[in-house]
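Q: Letter by letter, the chains look like this.
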Amino acid sequence: AVSTMWETEGLQTFGIVVVVCASLKLLHLLGLISFSEDSVEDELELSAVRHRPEALEQLEAQTRFSRKELQILYRGFKNECPSGVVNEDTFKEIYSQFFPQGDASTYAHFLFNAFDTDHNGSISFEDFVMGLSILLRGSVQEKLNWAFNLYDINKDGYITKEEMLDIIKSIYDMMGKCTYPILKEETPRQHVEIFFQKMDKNRDGVVTIDEFIDCCQNDENIMRSMQLFENVI
Amino acid sequence: MAAGVAAWLPFARAAAIGWMPVASAPMPPPPRDKRRGQDGLIILNVSGTRFQTWRNTLERYPDTLLGSTERDFFFHEETNEYFFDRDPDIFRHILNFYRTGKLHYPRHECISAYDEELAFFGIIPEIIGDCCYEEYKDRRRENVERIQDDEENDNNKDMVLPDMSFRETMWRAFENPHTSTMALVFYYVTGFFIAVSVMANVVETVPCGSGPNRAKEVSCGERYVLAFFCLDTACVMIFTVEYLLRLIAAPSRYKFVKSVMSIIDVVAIMPYYIGLVMTDNEDVSGAFVTLRVFRVFRIFKFSRHSAGLRILGYTLKSCASELGFLLFSLTMAIIIFATVMFYAEKGSSASKFTSIPAAFWYTIVTMTTLGYGDMVPKTIIGKVVGSVCSLSGVLVIALPVPVIVSNFSRIYHQSQRAEKRRAQKASKQTGQALVCKSNPTFETQHHHLLHCLEKTTNHEFVDEQTYETSCMEVSLAKPSMSRSSSLSSSPHGLSSCCTRRNKRKSFNVPNSYMADGRRSSIQELSTIQIRERPMSNSRSCLNAKFEETVHLNSEEQSYITAAVISMPTPPVTTPEGGDSASSPNFLQSNIVRVSAL
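Here the protein sequences come in this chain order: A and B. Using the numbering used here, the first residue of the first sequence is number 2, and each one after it goes up by one. Using the numbering used here, the first residue of the second sequence is number -7, and each one after it goes up by one.
In isolation and in its complexed conformation, chain B is listed as follows:
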């Protein structure tokens, strides 16, 4: 759409006549239309295959080979065509880019040949459309990895910021164990102790031969009380230290305390401390025994060590609705079948189905195809119902399981792909910033149109920040009059108000591919900023604006406005002046020149 919208600009400008009778101010003069070259057909001969297109189509992207005067180097006088000694198959895609505005990557082409053609014709690969971008990047990456043998991709997480506080280093060490050897050691040590602790819990209950009384079998825990106690203490020490360290290192302690892992940590070590505190009181020992069950939660601490476990937990969480559905449908089926079973078996003598709840157990065991055999129907009807029950049980349970499995697989692959895409996007945006596909004539005319709108309504476009500050100033209004800064007093004489012609980046051409990251800087370049109310003295504007539009007769210069902004704190003049010098490199469109006074 972006390429085509330019074709509708004449229409939008013509429609602006509708504003004229209601305009409250005279209109700005129109930009002098640089007489475009006549719209003729251009013949492009690529290794014998002739392509033809309109001149205007090619000139949509003036910063590529075909769109600029660079193509004149390939002009062949004898045949009155442009000859390129390149691959015609790939050229087809390049020409389609001019036609449709979208660059596609053909899957059957070799990636390096494609890259060469793009480089030759001056097209940056970052503008490949989303449909083909992932494939392109993947192929390219494979290619690079094949050429260079050991290439470890830069992992963002490994970046060591120059000055990280000790606390941040510690946190990073906890989160990504492979960043330093100390972290790795810590990681393995805690893992080892978790395993030891869990094993101890398990072994504690194994019968260990007869006790000192030789009366009965005792469990190992009761035989070697001291040993197990020491082991438990050691593990809990380690866990407590680890928890405290994490608590100290966490960037947001409140968030850390609320997180799942920290709760698991606390639950894992609490029983020990509670056991220490409580004496051997008969009444509470029952409760104490229950608490020891929580020790098994230590096994969940392994989820820090295993990404797959985390994904499983996340899957279950995200499949909560499917699991809930499974549970609900099972409950419904159980109740139905238990009821039917009860009434069917009511007649038979010595039936085990004494009540409907008693029949629940039978139904569950049958539906999950366990079939313990402790409750068995005896009547014919009972047997019929029982068979229907077991058949339907298989179905009801089998249905949601594939959904959960596919969910898990999807989430797993997604987490892999998210990493990949994040890395690709970063490079894509930096590349796009270098591309400017806007047509300068289009820019001029579009700006003129917007200027007419401003004049019609007697209001002007400003950017977000200025708007917000002016909102604030309105609310502050009078009281600030008393303050006066030296800076504001002088320019007051110079210009009663500064002019503001603020072209927000956002409405600069639908065509342009400025990446978001560049917006703020480009805004300074391309606009004249600052508008403020004369009353406010929070900022001041030292210079009046220039507005040069048509009167500049230079070829490329189009609608330019320049101003210098300066704030009470660092004057922005110099950086802007410096920036503007390098702007052609970035923008490659000669829309704006900022001149410093």
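If we strip away everything but chain A, and leave its shape as in the complex, we get:
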């Protein structure tokens, strides 16, 4: 009768549903399909980078700091970066603390590249102390060399206007918004023009290391300001 027909149909439907679920479960067991979204385990990046600097004697020989000065420097360094290296983000954070009213991250990025001489993405204590040695105890020639290296973003030996514009913009960024007179859009560009007029002797649009050092040595202001931080340590 009709009722028995419907009952068998009901049973059949039920049976089909059970079979489908069982096959899905079987496939899941076999690993062919996955139900959860995040079945792939995340690879945790092990950030246990530890770096031990070279021996004190070696550093003493390589830099112009005395033993005591190196000790003081290392203690401060290790306090901030217990792992022994500074990566770019920490570096930016530390540097930005000195310029709270502006954005020091771009300039910190350039500085980071200037200190990270072997370009491995982190500054070890040796890089740090070598850089400081040049800046604080180096000859004027060496300091100017360092500055040139800082401005030459792609390290190709020439400072182009774009590179200079980036550097100058990053310095102006550190000033922040609230300045007097108010920072205008074209101020960095003008600054670059002035710089190039002074430095680019042969008007070829780039400044080479020799032009740079020559010009700086002839400028009394620059010479004097280079000696400014002699006794920082």
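Note that these hints are calculated values from the structure, not bench results. Nothing here was measured: the structure is a model prediction, and the numbers come from that model. A hint or two may mislead.
[Said to hold, decoys possible] Pairs of lysine to any residue residues, derived as SDA-like cross-links and limited to a Cα-Cα distance of at most 25 Å, are as follows:
(1) Lys69(A) / Thr49(B)
(2) Lys79(A) / Met162(B)
(3) Lys250(B) / Val285(B)
(4) Lys412(B) / Arg131(B)
(5) Lys447(B) / Lys79(A)
(6) Lys79(A) / Gln44(B)
(7) Lys79(A) / Lys250(B)
(8) Lys94(B) / Phe75(B)
(9) Lys69(A) / Ala(-1)(B)
(10) Lys247(B) / Met162(B)
(11) Lys250(B) / Arg164(B)
[Claimed, not checked] The following residues of chain A were derived to be distant from chain B, with all beta-carbon distances above 10 Å:
(12) Leu28
(13) Glu186
(14) Asn232
Just so you know, even glycine gets a beta-carbon here, dropped at the ideal spot from N, CA and C.
For chain A, the structure is supplied; the task is to place chain B on it using the hints.
A: Quick look at chain B alone, frame taken from chain A:
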């Protein structure tokens, strides 16, 4: 980080050499470095336990005992160490403060012993780190309450401001009933009438014996029409008066009218007035009856009287997503099971499951485990599905309920804790203002670095207000030339422009713990302000700046700049001069001296 950043200042200054070739102006001379004492180890003997640390570590906080010359009083020549006859266990935490910059409170220590040690070593407890601060304050409070028996904590809300207008007094009386007796009386009276009104609504419908016709049972409302009408009128009178008073007293009427409570009030009293207006018209009486349902909303007026009720309402509101999820999952389950049930029962004769919507009722009753029994499956499949339905119903309903419960508990405790924390924060900030942890040498050098940056870019740092005014002046520009005030004309001759060396408080040392509240006042002290364009005559600067940096050879004086600012309206000179005299008390760092001309 703050304590350690000072160690990187030499690096930041060295890196400033990168600015030199592009600088557009000559650099300021560097501050004379006060020759620091040699960095040696200091031995601190605290009741026999020896601690050792670098001299520099201690000198980070020059306004504490160990960081200042006060420790010389404890120097013991024979053993060449500093001897303190104090508790070594607590001293460990104090020394760690110097090392890490964070002061922690050890939970197992007695609070009064800890306080004594802090007081002895000159450390203010407000600088305890956030991790331990709450615990510290809690213990301290418990201690105080134990010592003094009845100590009612000062509730901010009880503060009576000296001259509050009548309107404000009234509003405060409405919001906080325990502020005055009148308010309390009003509070209880309204509460009573709400209860009476609700009770009347309920009793109205109780059958009260047979009516005058002796035909059938009538409800009490129909028997004692007049009595109930009078009661209703009285209640509505009270509610209307209350609503109008609140409306008058509210500080922002628009906001009050939009608030939930006022809507409840209006909805509660509207039916009465509508009933008055409408005559006994047969057509609208049906609608009128519906309106009377709204009278039950009066019960919500109790939420003004009960904080717990408000929290419950807030919880439900905040759990809206969980409730929504519950509803959604229930709906899904109902549809699924009803469909299956319908098809399963289709075959059986005289089945009540005539359509899927008809099966909805069965599913809901089964899932909520009610089981009325008016619809029952007869086939085997139907019974199987029915049992699965009831089992899953229990689960689906039980799942979101704990979430809602925990939400309620969290919000309740949060409201308690928010009050506590607000009170603690107020005292914490006032305390922190008295602490200055900055190192003067660090200050000097940091300022010099910023000064170099200014010179490199040929722009100067100014503060927000001055920046905004100069922005405005730029837009105003020329037209203002015509106006001239007497004040501006004279100084024009003196100084073509005033100098501005504006050190914003915000970049004064990451180390310093100036509370926000003090910033503006300290700014006046520590800076030379005012810079304006010569054209503008909204303000004028009467004096030129002084800039004394290195040439001051005094020991403590570091990078100081002083100027006097005066505005066309009250000259600020005197207050500043007065302030500067008391600045050492606040700042305890001799960074700035403002000298009045």
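Q: Now tell me, hint by hint, if it's right for this structure.
A: Structure-based check of all given hints:
Between Lys69(A) and Thr49(B) the CA atoms are separated by roughly 16 Å; this keeps the pair inside 25 Å, and the hint holds. As the CA atoms of Lys79(A) and Met162(B) are separated by approximately 63 Å, the hinted pair breaks the 25 Å bound. Note on Lys250(B) and Val285(B): the hinted pairing holds, with a Cα-Cα distance of about 22 Å set against a maximum of 25 Å. Taken as a hint, the Lys412(B) and Arg131(B) pair is honoured in the structure, with Cα atoms around 13 Å apart against an allowance of 25 Å.
Restraint check for Lys447(B) and Lys79(A): not satisfied, since their Cα atoms lie roughly 33 Å apart, outside the 25 Å limit. For the hint pairing Lys79(A) with Gln44(B), the CA-to-CA distance comes to about 19 Å; that is within 25 Å, so the pair holds. Annotation: proposed proximity of Lys79(A) to Lys250(B) is violated, straight-line Cα distance about 59 Å (limit 25 Å). Distance hint between Lys94(B) and Phe75(B) is fulfilled; the C-alpha atoms sit about 24 Å from each other, no more than 25 Å.
Simply put, Lys69(A) and Ala(-1)(B) have alpha-carbon atoms about 15 Å apart, close enough for the 25 Å limit, and the pair holds. Restraint check for Lys247(B) and Met162(B): the C-alpha separation of about 17 Å stays at or below 25 Å, so the hint holds. Note on Lys250(B) and Arg164(B): the hinted pairing holds, with a Cα-Cα distance of about 19 Å set against a maximum of 25 Å. The claim that Leu28(A) is not at the interface with chain B holds, since no C-beta of that chain comes within 10 Å of its own (minimum 23 Å).
For Glu186(A), the shortest C-beta to C-beta distance to chain B comes to about 14 Å, beyond the 10 Å cut-off, and the non-interface label holds. For Asn232(A), the non-interface assignment is contradicted: its Cβ lies about 6 Å from the closest Cβ of chain B, within the 10 Å cut-off.
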